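A.B. asks: Chain residues, written in single-letter form:
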Amino acid sequence: MSALPTVASASMLLPFTLLAPLVAMLLIVFLPKEETKTIKIVAAMGMFVSLALSIFAFYAYDRVLGGMQFTLTIPWIPDLGVNLALGVDGLSLPMLLLTNLIGFSSIYASWNMDKRVKEYFILLLILIAGVMGTFIARDLFIFFLFYEIVVIPIYMMVIIWGSTKRVTKEYAGMKLTIYLLIGSAFLLVGMIALYLAAAANGNPTFMFDELAARQSLYSPGFQKVAFALMLFGFGSLISMFPFHSWSPDGYAGAPTAVSMIHAGVLKKIGGYGLIRLGVYVLPLGAQFWAPVIAVLAIANVLYAGLIALAQKDLKYVVGYSSVSHMGYVLIAIAALNPTAATGAVAMMFAHGVMAALFFSMIGFIYEKTHTRNITELGGLAHQVPRLAIGFMIAGLASLGLPGTVNFIAEFTIFIGAIKVYPVQTILGIAGIIFTAVYILRAIANVLFGPRRSEWDHLTDIRGPELVPLALLGSVIFLGGIFPNILMGLINSGVTSSGLAKVLETVSQAKMGGLF
Amino acid sequence: MVEFNISTVFMPEVMIAAMSMIVLAIGLLVPRGASKGIMPLTTFSLIGVLGYTLYDFFYGAKAVFLDGMYMHDQFAVYFKLLFLVAALLVVLSSRDYVQKFGEHCYKFYSLLLTATLGMMLMAGAGELITMYIGLELMTISFYILVAYLGNDARSSEAGIKYLILGGTSSAILLYGISLIYGLTGSTELAQIASALGANLTPASFLATVFILAGIGFKISLVPFHLWAPDIYEGAPTPVTAFLAVASKAAAFAVLIRVYLLTMNSQAFSLTGQTLLIVLACLTMILGNLIAIPQTNIKRLLAYSSIAQAGYLMVGIIAQSVAGVKGVLFYAMIYVFANMGAFAVATHVADQQGSDEIKDFAGLWRRSPLAAVVMTASLLSLAGIPPLAGFVGKFYLFSAVMSQGYTAIAYIGFVMSMVSVYYYLSVVKVMFLNDGKDLPDVPVQGAVKATLLFTMIITLAIGIYPTPLAQMAFAAAQSLIK
Numbered sequence: 001m002s003a004l005p006t007v008a009s010a011s012m013l014l015p016f017t018l019l020a021p022l023v024a025m026l027l028i029v030f031l032p033k034e035e036t037k038t039i040k041i042v043a044a045m046g047m048f049v050s051l052a053l054s055i056f057a058f059y060a061y062d063r064v065l066g067g068m069q070f071t072l073t074i075p076w077i078p079d080l081g082v083n084l085a086l087g088v089d090g091l092s093l094p095m096l097l098l099t100n101l102i103g104f105s106s107i108y109a110s111w112n113m114d115k116r117v118k119e120y121f122i123l124l125l126i127l128i129a130g131v132m133g134t135f136i137a138r139d140l141f142i143f144f145l146f147y148e149i150v151v152i153p154i155y156m157m158v159i160i161w162g163s164t165k166r167v168t169k170e171y172a173g174m175k176l177t178i179y180l181l182i183g184s185a186f187l188l189v190g191m192i193a194l195y196l197a198a199a200a201n202g203n204p205t206f207m208f209d210e211l212a213a214r215q216s217l218y219s220p221g222f223q224k225v226a227f228a229l230m231l232f233g234f235g236s237l238i239s240m241f242p243f244h245s246w247s248p249d250g251y252a253g254a255p256t257a258v259s260m261i262h263a264g265v266l267k268k269i270g271g272y273g274l275i276r277l278g279v280y281v282l283p284l285g286a287q288f289w290a291p292v293i294a295v296l297a298i299a300n301v302l303y304a305g306l307i308a309l310a311q312k313d314l315k316y317v318v319g320y321s322s323v324s325h326m327g328y329v330l331i332a333i334a335a336l337n338p339t340a341a342t343g344a345v346a347m348m349f350a351h352g353v354m355a356a357l358f359f360s361m362i363g364f365i366y367e368k369t370h371t372r373n374i375t376e377l378g379g380l381a382h383q384v385p386r387l388a389i390g391f392m393i394a395g396l397a398s399l400g401l402p403g404t405v406n407f408i409a410e411f412t413i414f415i416g417a418i419k420v421y422p423v424q425t426i427l428g429i430a431g432i433i434f435t436a437v438y439i440l441r442a443i444a445n446v447l448f449g450p451r452r453s454e455w456d457h458l459t460d461i462r463g464p465e466l467v468p469l470a471l472l473g474s475v476i477f478l479g480g481i482f483p484n485i486l487m488g489l490i491n492s493g494v495t496s497s498g499l500a501k502v503l504e505t506v507s508q509a510k511m512g513g514l515f
Numbered sequence: 001m002v003e004f005n006i007s008t009v010f011m012p013e014v015m016i017a018a019m020s021m022i023v024l025a026i027g028l029l030v031p032r033g034a035s036k037g038i039m040p041l042t043t044f045s046l047i048g049v050l051g052y053t054l055y056d057f058f059y060g061a062k063a064v065f066l067d068g069m070y071m072h073d074q075f076a077v078y079f080k081l082l083f084l085v086a087a088l089l090v091v092l093s094s095r096d097y098v099q100k101f102g103e104h105c106y107k108f109y110s111l112l113l114t115a116t117l118g119m120m121l122m123a124g125a126g127e128l129i130t131m132y133i134g135l136e137l138m139t140i141s142f143y144i145l146v147a148y149l150g151n152d153a154r155s156s157e158a159g160i161k162y163l164i165l166g167g168t169s170s171a172i173l174l175y176g177i178s179l180i181y182g183l184t185g186s187t188e189l190a191q192i193a194s195a196l197g198a199n200l201t202p203a204s205f206l207a208t209v210f211i212l213a214g215i216g217f218k219i220s221l222v223p224f225h226l227w228a229p230d231i232y233e234g235a236p237t238p239v240t241a242f243l244a245v246a247s248k249a250a251a252f253a254v255l256i257r258v259y260l261l262t263m264n265s266q267a268f269s270l271t272g273q274t275l276l277i278v279l280a281c282l283t284m285i286l287g288n289l290i291a292i293p294q295t296n297i298k299r300l301l302a303y304s305s306i307a308q309a310g311y312l313m314v315g316i317i318a319q320s321v322a323g324v325k326g327v328l329f330y331a332m333i334y335v336f337a338n339m340g341a342f343a344v345a346t347h348v349a350d351q352q353g354s355d356e357i358k359d360f361a362g363l364w365r366r367s368p369l370a371a372v373v374m375t376a377s378l379l380s381l382a383g384i385p386p387l388a389g390f391v392g393k394f395y396l397f398s399a400v401m402s403q404g405y406t407a408i409a410y411i412g413f414v415m416s417m418v419s420v421y422y423y424l425s426v427v428k429v430m431f432l433n434d435g436k437d438l439p440d441v442p443v444q445g446a447v448k449a450t451l452l453f454t455m456i457i458t459l460a461i462g463i464y465p466t467p468l469a470q471m472a473f474a475a476a477q478s479l480i481k
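Top to bottom, those sequences are chains A and B.
Position 138 of the first sequence, counted from 1, bears residue number 138 in this note's numbering, the numbering being contiguous throughout.
Position 38 of the second sequence, counted from 1, bears residue number 38 in this note's numbering, the numbering being contiguous throughout.
FYI, nobody ran anything at the bench for these hints, they're computed from the structure.
Nothing here was measured: the structure is a model prediction, and the numbers come from that model.
Hints are supplied without guarantee of correctness; some may be wrong.
[Unchecked claim] Simulated crosslink set (BS3-like; lysine-lysine; CA at most 25 Å straight-line):
#1 B:Lys161 <-> B:Lys36
#2 B:Lys428 <-> A:Lys118
#3 A:Lys115 <-> A:Lys37
#4 B:Lys428 <-> B:Lys100
#5 B:Lys62 <-> B:Lys161
#6 A:Lys115 <-> A:Lys368
#7 B:Lys428 <-> A:Lys165
#8 A:Lys115 <-> B:Lys100
#9 B:Lys436 <-> A:Lys33
#10 B:Lys161 <-> A:Lys175
#11 A:Lys118 <-> B:Lys100
#12 B:Lys436 <-> A:Lys118
#13 B:Lys100 <-> A:Lys33
#14 A:Lys115 <-> B:Lys358
[Stated by the list, open to error] Some chain B residues well away from chain A (every beta-carbon gap over 12 Å; in silico):
#15 Asp67
#16 Tyr70
#17 Glu157
#18 Ile172
#19 Lys358
#20 Pro439
#21 Ala449
Glycine residues also receive a C-beta, built at the ideal position from the N, C-alpha and C atoms.
Build out the structure end to end from the sequences listed, making use of the hints.
C.D. replies: Pasting the structure below:
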């Protein structure tokens with residue numbers, strides 16, 4: 001990583017990464033809608049550029065130097081103090097890479113899309129660019145702007161290309177949208193309050209590091225209130241109990257690509273926001289609410305895990321399982337120490353890759369068999385072995401098998417959290433049993449068992465359909481076998497961004513908390 | 001004090017007045033077939049006046065005319081720009097619609113111009129009687145415009161309703177003005193402010209309420225909003241658009257001036273402030289909630305425009321430069337967003353003869369541009385980035401929060417998220433179904449240009465709001481030093 005010292009100052013890298021899907025989107029707007037093949041290829045090319053650039057950024061990032069790199073700052077709305085400030089550090093770079101891995105795979109997971117292809121890929125590319133923008137923004141206003149951009153394409157994609165099972169797709173789409181928007185309304189109030197408090201001595205700013213540097217301007221009482229607002233906003237995004245109910249319905253109603261992106265990266269914006277904005281800027285607020293988060297996190301793990309046990313629809317199983325796994329991220333954030341924070345980011349990455357792979361495999365199963373009901377499926381490994389491999393990799397990663405990146409992440413979280421919340425952490429570890437039960441049962445019932453002749457006509461995934469499996473599957477093992485590729489970066493992010501320092505000061509005062 | 005010079009003060013007003021007369025004369029003189037040229041004539045003269053006003057905003061001499069009777073400050077010029085833009089967009093987007101009026105179409109344009117003239121007078125008025133004259137000029141033009149579809153019972157009904165209710169509200173406003181005059185011996189805003197002093201008397205309280213009710217009627221503030229849905233639904237759609245956008249903005253111009261200059265004295269600001277807060281919150285809540293069950297696009301937009309008036313009130317409550325700037329900024333982007341939505345509604349209703357929301361089904365296939373523009377406009381009204389509405393709401397609510405009214409910002413943001421629900425239900429209808437049994441809606445010529453223009457501006461201001469924000473700031477500063 002010591003090579004390419006000048007690259008770290010390559011300020012146009014991130015704008016290009018962000019613009020590639022948008023340029024592809026614009027090209028698609030001007031393509032005739034019958035040219036579905038061309039549209040798909042253009043979309044894939046746009047995402048390929050983004051993916052290549054973000055992999056390059058991942059390697060060119062100087063871990064020794066740390067901090068924000070590839071920065072670009074353009075004053076945007078001077079009277080509000082908004083800067084178009086982009087940059088990545090060890091916390092956001094994994095998320096950027098994750099977005100592009102999933103974005104690229106999601107294009108291929110939608111390769112067989114034949115209904116209103118043009119609109120579909122336009123919306124999908126806007127969605128991916130929006131998610132990417134939130135992770136590379138160094139300015140709260142820009143962060144929020146990108147976050148809200150994402151909501152509407154998702155709604156449109158769910159209602160047009162979604163599927164109606166237990167709930168109608170219109171209901172699922174609207175529920176998801178309203179939850180996220182009401183959450184964001186509170187987030188907005190919190191954000192303006194923070195902005196006004198930070199601008200008390202003039203010189204308004206939205207920059208994350210500037211907001212954090214003005215700690216002295218936020219009274220403890222203010223921090224508690226502002227953090228509560230952020231917790232509500234980001235908590236509903238990361239599907240924190242009890243604001244989680246949009247998530248399984250939304251995933252079940254959404255088309256495959258949206259489920260992948262939503263479960264894979266979008267809900268991680270909640271966790272990322274809680275760390276970047278909540279803990280980093282409002283440490284006293286975080287300290288006050290941490291015990292509450294820890295309890296809710298365990299409710300996530302156990303409650304959603306129990307519900308997942310009772311599900312028959314594969315998408316609901318994975319949907320509730322993703323709600324359950326977000327509990328680990330939340331307890332790691334609540335633990336307020338560097339180890340757990342590293343684990344939280346790693347877990348978001350690991351879970352993202354896993355969930356995207358899972359949803360893409362379920363998408364293929366549904367596309368081929370037209371059912372997602374566990375009881376109707378069976379013995380698929382006989383007919384579609386490659387699909388079965390993908391499904392198993394995702395399943396095993398989901399239950400945290402050693403050798404997968406998920407194991408590393410969960411392990412780090414437990415090490416970090418058990419010092420602070422022994423009881424909750426042990427309950428959380430017990431939650432893995434639920435995961436094992438519902439995942440193994442799904443694998444057993446869907447893939448194995450006697451050969452069933454009704455599935456003999458199925459063709460295995462091949463060609464472009466293999467991309468999600470190859471890409472995401474290899475990331476799962478690569479991260480699991482060489483954890484330092486990922487963990488080293490996150491660790492450097494936690495230390496160099498000043499987060500570790502903040503955590504040190506708050507954790508001294510806290511030990512104990514509510515329990 | 002700059003000495004009287006008509007060319008610095010009255011230029012746009014004189015030009016618009018002259019144009020309305022010329023359009024009327026030409027309409028009467030030329031043979032029927034030749035009256036087709038009136039629409040381009042109106043368009044180009046509006047563009048000309050708009051260009052001059054824009055120049056005037058940045059470089060023109062600013063003056064107070066006749067001891068404060070008429071103001072020519074950047075605040076007034078900003079609003080004049082807004083009215084002219086709105087009038088221009090109405091003229092452009094309603095080209096096909098107005099053709100239906102046949103030989104009466106020239107009167108339509110003439111009345112549109114007199115209404116614009118009335119609004120411009122309202123924006124410039126530094127004194128209550130001048131303000132009232134402008135208001136009546138505007139309102140009377142609207143009485144006729146609302147009832148313009150002579151053989152449509154709904155339009156006539158709307159015209160009569162507007163006449164009666166508008167007349168009542170004018171009476172109330174006049175009563176308030178007369179009370180003020182009785183109390184202070186002046187109708188000039190600056191003198192009223194100094195004469196009223198800090199004492200709250202029953203009479204000054206009544207006057208506050210009456211003036212607020214009179215102006216509140218025009219901006220359809222709850223509880224003076226009941227006329228709006230019926231009249232918006234019955235009026236010809238271009239007129240509805242103009243009524244919802246420009247007449248509301250004109251009333252806001254008056255309200256800002258009257259409230260911030262006159263009611264600035266202790267007695268007024270305390271009563272007025274409480275009233276405004278209550279009314280603004282009610283307006284935001286009721287406007288948005290009642291919009292949810294609407295099935296007619298014009299009624300939906302009517303309730304949405306009631307809610308939008310509530311957001312704008314928030315900026316006045318802030319009583320600061322930032323607040324007024326927020327109002328000015330939001331009013332301008334509201335013009336583009338609302339005109340975009342109404343232009344689509346006008347066009348679609350014109351082509352298929354219905355303005356029920358369900359008849360927008362499958363618009364994405366029948367007319368992709370119209371569907372996209374409608375979506376962009378509605379989402380801008382809802383305040384979803386990267387469209388202009390988001391930045392506008394941010395200005396408004398950050399201004400009011402910096403004055404300590406956090407609860408209002410909560411209500412505003414939560415209600416604007418609620419509004420997403422009904423805006424999206426229109427979007428859903430347009431994009432979800434195929435609308436197989438409905439005709440194609442081709443968009444061409446002036447209408448297409450209007451649609452593209454409103455959408456591009458809405459997007460451009462949302463992405464780079466700085467130029468408009470600077471204009472709004474300059475205008476706000478010219479009002480509050």
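A.B. asks: Provide an ascending list of the numbers of those earlier hints which the structure does not satisfy.
C.D. replies: 1, 4, 5, 8, 10, 11, 13
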